[in-house]
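Add chain B with the ligands to chain A, keeping to what the hints say.
Quick note, the sequences are listed as chains A and B, same order.
The C-terminal position of the first sequence is numbered 91 in my numbering, with every residue numbered one higher than the one before it.
The C-terminal position of the second sequence is numbered 417 in my numbering, with every residue numbered one higher than the one before it.
Read the hints as simulated data drawn from the structure, not as lab findings.
In this text, a Cβ means the ideal position worked out from N, Cα and C, and glycines have one as well.
Please note: incorrect hints may appear among the correct ones.
To be verified - Under 7 Å between C-beta atoms, here's a sample of chain B residues computed to sit facing chain A:
hint	residue
1	Arg242
2	Arg250
3	Ser255
4	Gly299
5	Asn301
6	Ser302
7	Gln305
8	Pro310
9	Ala412
As the list claims (entries may be wrong) - Okay, the calculated beta carbon distance ranges per label pair:
hint	chain 1	residue 1	chain 2	residue 2	range
10	A	Arg2	B	Val9	19 to 29 Å
11	A	Gly57	B	Gly55	30 to 40 Å
12	A	Glu79	B	Asn163	34 to 44 Å
13	A	Ala77	B	Gly141	47 to 57 Å
14	A	Phe7	B	Asn163	32 to 42 Å
To be verified - Computed footprint of chain B on chain A, listed as stretches where at least three residues anywhere in the stretch have a Cβ under 8 Å from a Cβ of chain B:
hint	region
15	9-23
16	70-83
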Amino acid sequence: MRIVCPFCGERELGEFTYLGDAKPVRPEAGASQDEVFDYVYLRDNVAGQTSEYWYHGDGCRAWLNVTRNTLTHEISAVEPATGAGARQVAK
Amino acid sequence: MKYSIFSLVRAALSGHKNWQRTWRDATPKDHYDVVIIGGGGHGLATAWFLASEYGIRNVAVLEKGWIGSGNAGRNTTIIRSNYGLPGNTGFYELSMKLWERMEQDLNYNTMVSQRGVINLYHSDAQRDAYARRGNTMRINGIDAELLDLAAVRKMIPFLNFDNARFPVQGGLLQRRGGTARHDAVVWGYAHAASALGVDVIQNCEVTGFTRDANGKVTGVETSRGKIGAGKVGMAVAGSSSRVAAMAGLRLPIESHVLQAFVSEAIKPLIPGVMTFGAGHFYVSQSDKGGLVFGGDIDGYNSYAQRGNMPVMEDVCEGGMALMPMIGRVRLLRQWGGIMDMSMDGSPIIDKSPVDGLYINAGWCYGGFKATPGSGFVFAHLLARDESHGEAARFRLDRFRTGAMIDEKGQGAQPNLH
Ligand SMILES: Cc1cc2nc3c(=O)[nH]c(=O)nc-3n(C[C@H](O)[C@H](O)[C@H](O)COP(=O)(O)OP(=O)(O)OC[C@H]3O[C@@H](n4cnc5c(N)ncnc54)[C@H](O)[C@@H]3O)c2cc1C
Ligand SMILES: [Zn+2]
Numbered sequence: 001m002r003i004v005c006p007f008c009g010e011r012e013l014g015e016f017t018y019l020g021d022a023k024p025v026r027p028e029a030g031a032s033q034d035e036v037f038d039y040v041y042l043r044d045n046v047a048g049q050t051s052e053y054w055y056h057g058d059g060c061r062a063w064l065n066v067t068r069n070t071l072t073h074e075i076s077a078v079e080p081a082t083g084a085g086a087r088q089v090a091k
Numbered sequence: 001m002k003y004s005i006f007s008l009v010r011a012a013l014s015g016h017k018n019w020q021r022t023w024r025d026a027t028p029k030d031h032y033d034v035v036i037i038g039g040g041g042h043g044l045a046t047a048w049f050l051a052s053e054y055g056i057r058n059v060a061v062l063e064k065g066w067i068g069s070g071n072a073g074r075n076t077t078i079i080r081s082n083y084g085l086p087g088n089t090g091f092y093e094l095s096m097k098l099w100e101r102m103e104q105d106l107n108y109n110t111m112v113s114q115r116g117v118i119n120l121y122h123s124d125a126q127r128d129a130y131a132r133r134g135n136t137m138r139i140n141g142i143d144a145e146l147l148d149l150a151a152v153r154k155m156i157p158f159l160n161f162d163n164a165r166f167p168v169q170g171g172l173l174q175r176r177g178g179t180a181r182h183d184a185v186v187w188g189y190a191h192a193a194s195a196l197g198v199d200v201i202q203n204c205e206v207t208g209f210t211r212d213a214n215g216k217v218t219g220v221e222t223s224r225g226k227i228g229a230g231k232v233g234m235a236v237a238g239s240s241s242r243v244a245a246m247a248g249l250r251l252p253i254e255s256h257v258l259q260a261f262v263s264e265a266i267k268p269l270i271p272g273v274m275t276f277g278a279g280h281f282y283v284s285q286s287d288k289g290g291l292v293f294g295g296d297i298d299g300y301n302s303y304a305q306r307g308n309m310p311v312m313e314d315v316c317e318g319g320m321a322l323m324p325m326i327g328r329v330r331l332l333r334q335w336g337g338i339m340d341m342s343m344d345g346s347p348i349i350d351k352s353p354v355d356g357l358y359i360n361a362g363w364c365y366g367g368f369k370a371t372p373g374s375g376f377v378f379a380h381l382l383a384r385d386e387s388h389g390e391a392a393r394f395r396l397d398r399f400r401t402g403a404m405i406d407e408k409g410q411g412a413q414p415n416l417h
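In isolation and in its complexed conformation, chain A is listed as follows (with noise of 0.2 Å):
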């Protein structure tokens, strides 16, 4: 698995860490429990099509969101991860 950058261009996969499924959102402040349960412990742990947080620690240190296939370790799409930082040097 190879990785493209678009800061730092195709690397291999050990200049990054992995956070891990990109869609649950941190609830607000006042959340019900059951809301902040399932935001830490539940998974959709897809097989197939996903998109998932990467970060560059050994290149450009910016945290990515991949879409890639479980069942095949394919990579559709990288882009940067919602971040005002990111969003400025990608423009």
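Same frame as chain A, now just chain B with the ligands:
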């Protein structure tokens, strides 16, 4: 067929041409009292304990491929009971005791070899942690010995003791730990369960559940048609989330890939199972002479049953740090299996919120050693509708109530367990 020295001699005298199948390759019936999904070690062990301990023999094990094609046939075969937290300590020792009588129970040579497992320590802090773990084990009646440097030098003289960064200081030894032949465990349970009337059905993928008006599970839909069931137990390891999703459930589990490696065969070298405490590397030597080793999971979600180069490099570096001389040994094979990584690193054996569906999952990279114990307590749950005492903490709702069993203290980040 009953195996003994006499059956072996008889077969040898007739040129080994008259061996019979060890188990019946069954075709599905319309209905069973209990249907187990997954013909790995855990599913087959569950069926055997249901039939032998709980008298429930109208049982089917449904396997989508061939039995043992999942993690049961892909693991590095290490068995041990050196866990530190309540819930795990007793359960894994129950499993170890069942390993010790497995071959007699099943009338099958599963090559259980109690050659010892030693976890090496490389710092004062690690020694203290291992001393504590060893004490926990001994308080619970499990064997554990804390070895100092001299004792380790005597036992494994070829280690790189003076590694400047990670000097070996000693180790925690469990002599009753060791290895077993993984395929033989699968075949042995299939053999013994089949003899008691259990149907072991291959090439039968579960694709859905049938439910009654109240939502109770009444059976499964499969690639070989509908099969009715009084109760359904799932023991599908890396596929747990996918099968649970068919019943509308989301689990506290992520699927990750773990790799294993085998070197070319060399003369006997490694006395038992050893682990490098400063990185993540574990190794034993197979009876054929190959070094069997592994380390960390790759760290990203995967269902692909294959891993990538960074972990391969990391594992080999761990091996080299401990035994620089293996640098000249060639790697023969490498493969991957899909782990059901739970949110606290411990298993789940419980009723599911769906009536009639029971869950056995979350084994992470350590479920081979659990095979007999898991089968026993899961059979108990299915037969009695209540948890076996040693599995009472492996509840599905512990993530909600906060009663986690987190040996590593990593929190809800499965790729760190
Ligand atoms: C590389 C590697 C090394 C390991 N090393 C060790 C070790 O040294 N010690 C240790 O204790 N543990 C180890 N493990 C972990 C251990 O192998 C697993 O935790 C354990 O085997 C899981 O239980 P099982 O045998 O029932 O799983 P599996 O053998 O994976 O059984 C599950 C079965 O379910 C089937 N299935 C899935 N979906 C369906 C469906 N829809 N319908 C029908 N069937 C289905 C699969 O085909 C599979 O055969 C290792 C694992 C790997 C991959
Ligand atoms: Zn980059």
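Evaluated hints:
1. Contact between B:Arg242 and chain A, as hinted, is supported at the beta carbon level, the nearest pair being about 6 Å apart and thus within 7 Å.
2. The beta carbon of B:Arg250 is positioned within 7 Å of a beta carbon in chain A (closest approach about 5 Å), and the interface hint is therefore held.
3. Using the Cβ-Cβ criterion of 7 Å, the hint placing B:Ser255 at the interface with chain A is satisfied: the shortest such distance is roughly 6 Å.
4. Using the Cβ-Cβ criterion of 7 Å, the hint placing B:Gly299 at the interface with chain A is satisfied: the shortest such distance is roughly 5 Å.
5. Hint status for B:Asn301: holds, given a least beta-carbon distance of 5 Å to chain A, under 7 Å.
6. With its C-beta approaching chain A no nearer than about 5 Å, B:Ser302 sits inside the 7 Å limit, and its interface hint holds.
7. For B:Gln305, the suggested interface contact is broken, since its CB lies about 10 Å from the closest CB of chain A, more than 7 Å.
8. A least Cβ separation of about 4 Å between B:Pro310 and chain A falls short of the 7 Å threshold, and the interface hint therefore holds.
9. Interface restraint check: B:Ala412 against chain A, minimum CB-CB distance 5 Å, threshold 7 Å, status holds.
10. Remark: the range hint 19 to 29 Å for A:Arg2 to B:Val9 is contradicted by a beta-carbon distance near 57 Å.
11. A beta carbon spacing of about 57 Å between A:Gly57 and B:Gly55 contradicts the range 30 to 40 Å that was offered as a hint.
12. For the pair A:Glu79 and B:Asn163, the supplied restraint of 34 to 44 Å holds, since their beta-carbon distance comes to about 42 Å.
13. Taking the beta carbon of each, A:Ala77 and B:Gly141 are about 55 Å apart, inside 47 to 57 Å as hinted.
14. Between A:Phe7 and B:Asn163 the beta carbons are some 37 Å apart, a value that agrees with the proposed interval 32 to 42 Å.
15. With a cut-off of 8 Å between beta carbons, the region 9-23 of chain A has 7 residues touching chain B; three or more are needed, and the interface restraint holds.
16. Counting residues of the region 70-83 of chain A whose CB lies closer than 8 Å to any CB of chain B gives 4, which reaches the minimum of 3, so the coverage claim holds.
The structure fails to meet hints 7, 10, 11 from the earlier list, while all remaining hints are met.
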